[in-house]
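S.K.: All residue numbers for the sequence shown refer to the numbering used here, where the first residue is 2 and numbers rise by one.
Hint data in this document are derived by calculation from the structure and do not stem from the laboratory. For every residue, glycine included, the Cβ atom is placed at its ideal position computed from N, Cα and C. Warning: the hint list may mix true and false statements.
[Claimed, not checked] Using C-beta positions, here's what the derived DEER-type ranges look like: (1) Phe16 <-> Phe195: 14 to 24 Å; (2) Asp123 <-> Leu170: 33 to 43 Å; (3) Asp123 <-> Val90: 36 to 46 Å; (4) Gly32 <-> Lys94: 19 to 29 Å; (5) Ala192 <-> Pro51: 34 to 44 Å; (6) Lys9 <-> Lys156: 32 to 42 Å; (7) Ala185 <-> Asn86: 38 to 48 Å; (8) Thr190 <-> Arg68: 17 to 27 Å; (9) Pro51 <-> Tyr96: 18 to 28 Å; (10) Gly67 <-> Ala116: 16 to 26 Å; (11) Arg68 <-> Leu174: 11 to 21 Å.
[Said to hold, decoys possible] The calculated lysine-lysine pairs, modelled on DSS-like cross-linking and capped at a C-alpha distance of 25 Å, are: (12) Lys27 <-> Lys7; (13) Lys46 <-> Lys75; (14) Lys43 <-> Lys27; (15) Lys43 <-> Lys75; (16) Lys7 <-> Lys141.
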Amino acid sequence: MSTPIKAKAALISVFSKEGLEPLIRKFNDLGITLYSTGGTQKFIKDLGVPVVPVEDVTSYPSILGGRVKTLHPKIFGGILNRQDNDGDVAEMKEYNIPQLDIVIVDLYPFEKTVASGASEQDIVEKIDIGGISLIRAAAKNFKDVLVIVDSGDSKEALLGLDRSDGPELAFRLQLARKAFAHTAEYDTTIAHTFESIVVSGTDCRREQS
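Given the sequences, and given the hints that come with them, work out the whole structure.
M.R.: Right under this line is the structure:
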């Protein structure tokens with residue numbers, strides 16, 4: 002049976018920085034180690050808060066024009082490990098995988114990109130892969146991980162972090178349900194958009210009725 006968790010590390014990688022600063026500062030006050038990528042990493046650093054680049058963990062830089070940043074066993078192992086499983090605990094130590102107790106991720110603005118009249122290539126590039134994988138992994142392991150996909154949940158998350166034993170299981174489950182609903186809606190939007198891609202590939206924008 003899972004018990005409340007006391008967070009020691011967080012992975013943060015977001016497109017929108019709205020509402021992020023209070024969380025960052027709270028994490029820093031609580032001594033939570035922050036891991037991040039790209040623009041989010043710079044945002045945290047500019048606040049004067051220590052942050053560990055994800056590439057320091059993976060030993061790989063962001064590659065393929067940013068298409069691959071967080072897709073690595075050390076990142077997903079840090080999220081998906083079961084802290085009450087002796088085998089998982091042993092492998093975390095063996096492979097020097099950092100425990101990631103909090104995952105804060107949003108997704109590339111696919112729908113807004115489509116609505117803007119962007120080119121097919123620009124639209125395709127706004128299909129999030131790493132972010133949606135991180136969200137699903139964290140939501141799957143809600144017994145050990147807190148996942149935040151909506152900045153509106155930040156206030157309650159902060160209250161949970163103020164608890165001596167961290168956010169409770171019921172709250173983690175609530176955020177996991179929201180995370181899966183979010184990824185489902187995102188994928189549905191992509192699927193509907195792809196219905197209108199013509200065979201020649203000249204345009205993947207949906208016709209407006």
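S.K.: Now tell me, hint by hint, if it's right for this structure.
M.R.: Now the hints, each set against the structure:
1. Phe16 <-> Phe195: 14 to 24 Å: At 21 Å between Cβs, range holds.
2. Asp123 <-> Leu170: 33 to 43 Å: holds (41 Å)
3. Asp123 <-> Val90: 36 to 46 Å: holds (44 Å)
4. Gly32 <-> Lys94: 19 to 29 Å: holds (21 Å)
5. Ala192 <-> Pro51: 34 to 44 Å: holds (40 Å)
6. Lys9 <-> Lys156: 32 to 42 Å: Once the Cβ atoms are compared, 22 Å apart, the range 32 to 42 Å for Lys156 and Lys9 is violated.
7. Ala185 <-> Asn86: 38 to 48 Å: violated (28 Å)
8. Thr190 <-> Arg68: 17 to 27 Å: holds (20 Å)
9. Pro51 <-> Tyr96: 18 to 28 Å: Because 24 Å falls inside the window, the suggested range holds.
10. Gly67 <-> Ala116: 16 to 26 Å: holds (22 Å)
11. Arg68 <-> Leu174: 11 to 21 Å: Distance hint for Arg68, Leu174 is violated at roughly 32 Å.
12. Lys27 <-> Lys7: Roughly 14 Å between the alpha carbons, so the hint for Lys27 and Lys7 holds.
13. Lys46 <-> Lys75: holds (22 Å)
14. Lys43 <-> Lys27: holds (18 Å)
15. Lys43 <-> Lys75: holds (22 Å)
16. Lys7 <-> Lys141: holds (18 Å)
Hints 6, 7 and 11 from the earlier list are contradicted by this structure; the remaining hints agree with it.
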